[in-house]
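Trainee: Single-letter residue listing:
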Amino acid sequence: MNILVCLKQILDPEIPARDFRVDPARREAERGSANLVTNIFCENALETALQLRERTGSAKITVLSYGQPSAEDSLRKALAMKADAAALIVNDGNANPDPLTTARVLAAAIRKLGTFDLIMVGREAGDWGAGQTGGLLAEELGLPCVSFVDRIESEGGQLRLKRQTDTGWEVLEAEPPIVATVTNDEHNLPRIPKVRDVMMSYRQPLTKWTLDDLGIEANEARAGNTYYQVAELFIPQKETRCEFVTGDTLDQKVESFAKRIVEVTSAL
Amino acid sequence: MNDVVICLFASAGFDKAAQGLAGAGRRLADELGGRLRAVVIGAGADTLALEFSRLCDTVIIADQAELAEYQPETCLNALVRLCGELSPRTVLLGNDAYSQEIAPRLAYRLGGSAVGDGVEVRVEGEALRVSRQVYGGKAQAVIELKRMPAVVWLRARSFAPAPARAEAGEVTRAALDIQADTRTRVIERKREEQGEARLEEARVIVSGGRGIGGPEPFTTELQPLADLLGAQMAASRAACDAGWVPPTWQVGQTGKKVTPDLYLAIAITGASQHMAGISEAKTISAINTDPDAPIFKHCQFGIVEDYRKVVPLLREKLAALQK
Chain A
4 MNILVCLKQI LDPEIPARDF RVDPARREAE RGSANLVTNI FCENALETAL
54 QLRERTGSAK ITVLSYGQPS AEDSLRKALA MKADAAALIV NDGNANPDPL
104 TTARVLAAAI RKLGTFDLIM VGREAGDWGA GQTGGLLAEE LGLPCVSFVD
154 RIESEGGQLR LKRQTDTGWE VLEAEPPIVA TVTNDEHNLP RIPKVRDVMM
204 SYRQPLTKWT LDDLGIEANE ARAGNTYYQV AELFIPQKET RCEFVTGDTL
254 DQKVESFAKR IVEVTSAL
Chain B
205 MNDVVICLFA SAGFDKAAQG LAGAGRRLAD ELGGRLRAVV IGAGADTLAL
255 EFSRLCDTVI IADQAELAEY QPETCLNALV RLCGELSPRT VLLGNDAYSQ
305 EIAPRLAYRL GGSAVGDGVE VRVEGEALRV SRQVYGGKAQ AVIELKRMPA
355 VVWLRARSFA PAPARAEAGE VTRAALDIQA DTRTRVIERK REEQGEARLE
405 EARVIVSGGR GIGGPEPFTT ELQPLADLLG AQMAASRAAC DAGWVPPTWQ
455 VGQTGKKVTP DLYLAIAITG ASQHMAGISE AKTISAINTD PDAPIFKHCQ
505 FGIVEDYRKV VPLLREKLAA LQK
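Residue numbers (my numbering), protein chains in the order written: chain A, 4 to 271; chain B, 205 to 527.
Just so you know, not all the hints are guaranteed correct.
[Stated by the list, open to error] Derived lysine to aspartate or glutamate pairs resembling EDC-like cross-links, with alpha carbons at most 16 Å apart: (1) A/Lys85 to A/Glu50; (2) B/Lys521 to A/Asp254; (3) B/Lys513 to A/Glu258; (4) A/Lys256 to B/Glu509.
Derived by calculation from the structure, the hints in this document are not laboratory data.
Small disclaimer: the values here were computed from a predicted structure and weren't measured.
The whole structure should be built from the sequences, with the hints applied where relevant.
Mentor: Structure below.
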């Protein structure tokens, strides 16, 4: 089985709000001192793929990223987690392309890389969180799509995907090839690669292409805004003053806390 | 061409999301000078269509046996057909999992653009602009859609409902003959116990985070508190990822977006990705040992104490006060 996992490198979403700044004119977040990391749902996708390979015994996992040259680090980490091959499409245009642009670039790269039974992406990214790459990629490739998947099995040429819904979960059976978007659960927390494997990963081959190598309308991809564009980006100023309950003893504090709760809920 | 179409999967019924969606749709249709039309799909569509006929100009029931239960590809094909025939300016959906799964693909096939998780939609000249949270709730963006129709999935529960109309809208059945696409098939569907009463509809929520320390206190401490308050239980991503509670309990940027009157956050630090899920709560309160925990910046009132000491006592006090 041939599996492709798409990875996005993003600004570390764990940076505290007080250190987060945006440039309203360029409508971009400022890098500041934040690290660049692989989007967590992309890593959940890779982990789900690695576990699927472990169960089936034979599968090849290729990781693909469309991003700045620094996205190579995300791909190297994926190799250290034991992905088999990696490819980077270097984005020398709009650093925040719209989701359709991303899907078109990824689709072109996927066609150039070969044929795949299963194409996996994270359900959304921790930066812009559009949640559209998987669906649009499926459309570009003419494939079905299953979203919010957290486990995949392969059985007699069919795929079995467990996915989360608003009220519980579903299992879908699918004929490959398909696109799956992956979400997190307790079983697909990404493994931590060994330091040695991270070092070794920098000696492994990694395919690098430019937008011009893909046979797409490269300048339209560089503009990256024919689907939508960001008109404004700002940090909303909204802070509430918290009233801490007081009292000399725990009992008194909890008593007044309970009263506040009753005030709010009995008005319902 | 200035019409607004709202698409609903009937399985959730006429809930707060359905009402908010109609409200958002009505205001947008008025702004555009178009009609508000609803497309209702799935088992229970007739009942829901009746409710919507009081709010919309027209209601269309996607009538086909294959559409009774949600199947991604087949439902997508049906919506593409119906929305295509109506050629609306805008298509609105809720932010349930099915709508999120389908919306970008629906936009693609209609030649439009999609944007999700919208909290505000407005017309600006020829363009449609949608406000949404980004960077895990740390920032807000306004997205301008370039293609028509604009397909937008909304945090529908945060929109005010639509006023009832004097005259009921016309309900029609679209007899469809969509070929079932069997490349993917839902073969098993499971509702978690709590799923019966939906978290997104809850008026009071008791939520636990990493600081709870394990699965047991959710059952022994938090659940009895929730029962006293008639509340639903929820959790942060950390607690869900640890496997302490089911993933359906997760509230945050990537979990449920909830809109309760009271959200009681217990041992939750309040990372921005969590806050993104509760920004529409009326009142937020917290129990936390750290007075500098970010959660308190969003609280109307709070208590700085260990929840292990507070919760048992709080249950006693609440029970006494409720008598």
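Trainee: Among all the numbered hints in the text so far, which are the ones the structure does not match?
Mentor: When the structure is compared with the hints, none of them turns out to be violated.
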